[in-house]
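Asker: Protein chains in written order, with our numbering: chain A, 36 to 414; chain B, 20 to 395.
Accuracy of the hints is not assured; some may be wrong.
[To be verified] No farther apart than 25 angstroms at their CA atoms in a straight line, the calculated lysine-lysine pairs in the BS3-like style are these: (1) 367/A with 107/B; (2) 107/B with 278/B; (3) 211/A with 278/B.
[As the list claims (entries may be wrong)] Going by beta-carbon spacing under 8 angstroms, a handful of chain B positions derived as facing chain A: (4) 25; (5) 36; (6) 80; (7) 302.
The hints are simulated quantities; they were obtained by calculation from the structure and are not laboratory data. Quick reminder that beta carbons are idealized off the backbone N, C-alpha and C, glycines included.
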Amino acid sequence: MFSIAMKMLFHDRAKFVGLVLGVAFSTLLINQQLGIFIGLISRAGAVVVDVPEADIWVMDPGVKNLDTIFPLRDTELGRVRGVPGVAWAVPLFKSNVTIRTGNGELEASLLIGVDDTTLIGLPPQILMGNIDDLRRPDAVAVSEEGFRKVWRGQPISLGNVAELNDRRAVVVAIVKDSPKFTSSITFFTRYSQALQYTNNGRNQMSFIVAKAAGDQTPEAVSANITARTGLKAMSSPAFRWKAIEYVIQNTGIPISIGTVVALGILVGIAVVGLMFNLFVLENLKQFAVLKAIGTSNLRLIGMVFLQAAVVGFVGFSVGLFGATMFFETAGKSPTFQGFFLPWYVAAGSGAVAAAIIVLAALFAMRRVLFVDPAIVFRG
Amino acid sequence: MQRYFQAIFSLLAVLGAAFLLTNAIQSIRKNTPKDQQVEVKVLPPTAPISQKTTLPENGSAFIGGVGIVEPVGEATVIGSQLSGVVEKVFVTPGVLVQVGDPLLQLNARSAMADVVVAQAELRAQQSKLQELAAQVEALRARLDAAISMQDQATASEANAKRENERANSVGISNALSQEEIDTRKLNWETAKAKFRESQARVREAQASLNLLDGKPIAASLEVQKAAVAQAEAGLVRAQTNLELRTIKAPKAGTILSVKIREGEFVPASILANPLITMGQIDPLHVRVDIDESEIPRFRKDAVATATLRGSSGKGVQLTYVRTEPLVIPKRNLTGTVAERVDTRVMQVIYSVSPQAIGATVGQQVDVYIEDISKDR
């Protein structure tokens with residue numbers, strides 16, 4: 036009986052392809068847009084991701100995201116170190132500086148100052164150079180993407196000299212960092228060196244990054260730090276989420292991308308629902324015959340669902356493949372770093388595809404259930 | 020034929036879809052960034068773990084502070100009382116000196132000339148004194164002469180007096196002319212005057228002698244002695260001036276820095292860059308800045324541990340010396356040129372052996388002090 040359902044489905048190939056494309060297009064839109072959305076908002080917390088050693092971030096109580104910073108007093112570092120449960124704490128400097136590129140143009144860049152002793156805060160992935168060279172005078176590490184922007188068209192190499200606020204900066208290492216929301220050029224240098232590059236105020240320490248000791252959770256230690264120092268302390272994931280939430284609440288990104296996703300779902304439902312309905316209508320005669328020879332309603336429903344499931348499976352597969360191909364090929368472009376298709380988006384789009392198919396099948400089933408077997412004889 | 024084709028198409032569609040799906044899933048897996056757990060390569064200064072285990076969790080709090088290594092009693096910065104050009108520098112950094120060892124020699128030519136002048140002046144005044152002493156004998160002789168003149172006058176006067184009395188006595192008066200009587204009277208008067216004159220001469224000679232040989236005070240001699248003393252003092256002053264051109268170590272210790280070279284000019288004032296810095300560096304002191312908000316939690320008998328910047332792991336235990344009674348604005352020692360004031364700190368001095376800490380003067384250390392304030 037189910038082979039008859041399959042025969043029915045594949046009999047009209049044009050309609051089958053139409054059904055599949057409807058689901059595929061919907062899946063593609065949802066995955067591509069949500070993938071970009073998640074990649075984009077993740078950039079808001081990229082600086083946090085680049086310090087995987089630490090699990091606690093301490094900042095001024097008024098800080099809402101990673102771009103608006105109120106520097107802390109230097110003595111706060113000692114206070115945070117004294118809080119029970121803090122295994123270690125190091126300063127982290129973050130500031131925007133203007134850099135003159137190789138061809139004389141100005142670019143905004145991010146300057147991260149990492150702890151002098153331990154270099155905590157430097158991204159773990161070093162593409163070129165030795166990280167200990169950062170201890171040399173005037174030494175900076177630059178992100179791969181930043182290098183391409185500052186020294187356009189030059190092969191990636193070490194030893195290039197840039198100018199940061201009138202001071203000399205020698206590239207001693209190329210690192211791979213998470214792509215940022217605002218600027219794609221990131222320089223990493225020692226904390227003391229970073230102060231030299233930006234010397235612009237009494238208080239300089241942007242953040243303190245710390246590690247919870249032993250078996251204590253970062254959340255508990257953070258609460259401890261907040262209670263004892265009056266500063267805001269958050270675990271790394273929480274801070275990252277806070278930065279992402281800020282983007283969600285304060286930009287139009289969720290609305291614009293949400294609209295496209297909704298349209299994708301709507302188009303999917305409309306196209307697939309109508310086509311499936313049309314398909315069932317066209318094959319109503321066959322269903323009537325089956326009914327006339329005594330096939331039960333339950334079995335007919337099973338047939339319709341099988342047809343719908345096959346359409347959904349094929350359509351979803353094609354759509355998902357298309358979406359992953361998009362991220363694969365686009366991901367090769369250096370300006371499109373950090374975008375990927377999270378598995379939960381793929382799974383969610385699968386659920387949406389299933390919902391579209393079930394809706395379409397339910398809609399079409401009405402006709403199959405109430406078909407009068409007599410129509411076979413009416414010609 | 021048609022049926023086979025349809026079967027193959029349906030099979031291909033489903034299998035192809037399955038293939039695409041597995042491909043897509045693999046791609047998702049591959050491109051999803053891994054959550055990286057990165058361990059710290061170099062451990063930052065941490066609160067000492069060994070002591071944490073000896074304390075219960077509820078009490079294992081620490082006061083963190085930044086310390087600076089300094090000589091015992093802080094560094095002594097050597098200055099000069101006199102300005103001048105440096106002729107010789109006797110010490111180099113790291114040299115151990117004793118009290119009084121010469122450190123710097125300023126050019127002393129004018130001071131030496133002053134000494135010679137003062138010596139000549141002293142000699143002149145001394146000679147004058149000797150000259151005065153030599154005059155005493157002559158004056159004595161004059162006094163003796165005056166006394167003998169006085170004796171003569173006394174005798175003459177007595178003689179004249181007797182002659183006069185004899186002339187005036189009865190019996191004789193008729194024997195002498197009035198003229199003779201008058202002459203005798205006048206002679207007596209003259210002898211009296213001569214006697215008074217000789218008395219005055221004796222007094223004069225006595226006074227002259229007294230100026231040089233008087234008891235208890237010989238005024239002229241005293242004046243000259245004072246002049247000699249003055250010349251002696253002038254010599255001492257010139258010699259002191261000469262000595263001050265050699266700057267000497269005020270105490271035993273190690274030379275920490277020498278910022279002056281031969282031929283440079285040294286002003287006699289307080290300098291931002293001291294000429295020479297010295298101090299006692301065994302044991303070393305660690306001056307710890309404790310934030311004002313941590314002061315209530317500080318106890319002097321709490322265990323304190325210092326970790327060097329740039330080195331990790333276990334720190335060195337410190338010995339409490341004293342707490343500075345004055346809470347001062349923090350001099351921020353982040354290494355920038357401009358020193359900034361942002362909060363007040365209490366300074367606590369700890370002592371540590373230089374071998375144990377392996378640090379030199381001026382180095383910064385991270386210090387952890389146990390918070391035992393809750394135990395009380």
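Asker: The structure should be examined with respect to each hint, and the outcome stated for every one.
Answerer: Right, here's what the structure says about each hint:
With a C-alpha separation of about 70 angstroms, the suggested pairing of residue 367/A with residue 107/B is violated against the 25 angstroms cut-off. Between the alpha carbons of residue 107/B and residue 278/B the distance comes to roughly 13 angstroms, so the proposed pair stays at or under 25 angstroms and holds. For the proposed pair residue 211/A and residue 278/B, the alpha carbon gap of about 46 angstroms is over 25 angstroms, so the pair is violated. Interface restraint check for residue 25/B: the shortest CB-CB distance to chain A comes to about 5 angstroms, inside 8 angstroms, so the restraint holds.
Interface hint status for residue 36/B: upheld, as the beta-carbon distance to the closest one in chain A is roughly 4 angstroms, under 8 angstroms. Residue-level restraint check for residue 80/B holds (minimum Cβ-Cβ distance to chain A is 4 angstroms; threshold 8 angstroms). Given the 8 angstroms rule on beta carbons, the hint for residue 302/B is violated: about 24 angstroms separates it from the nearest Cβ of chain A.
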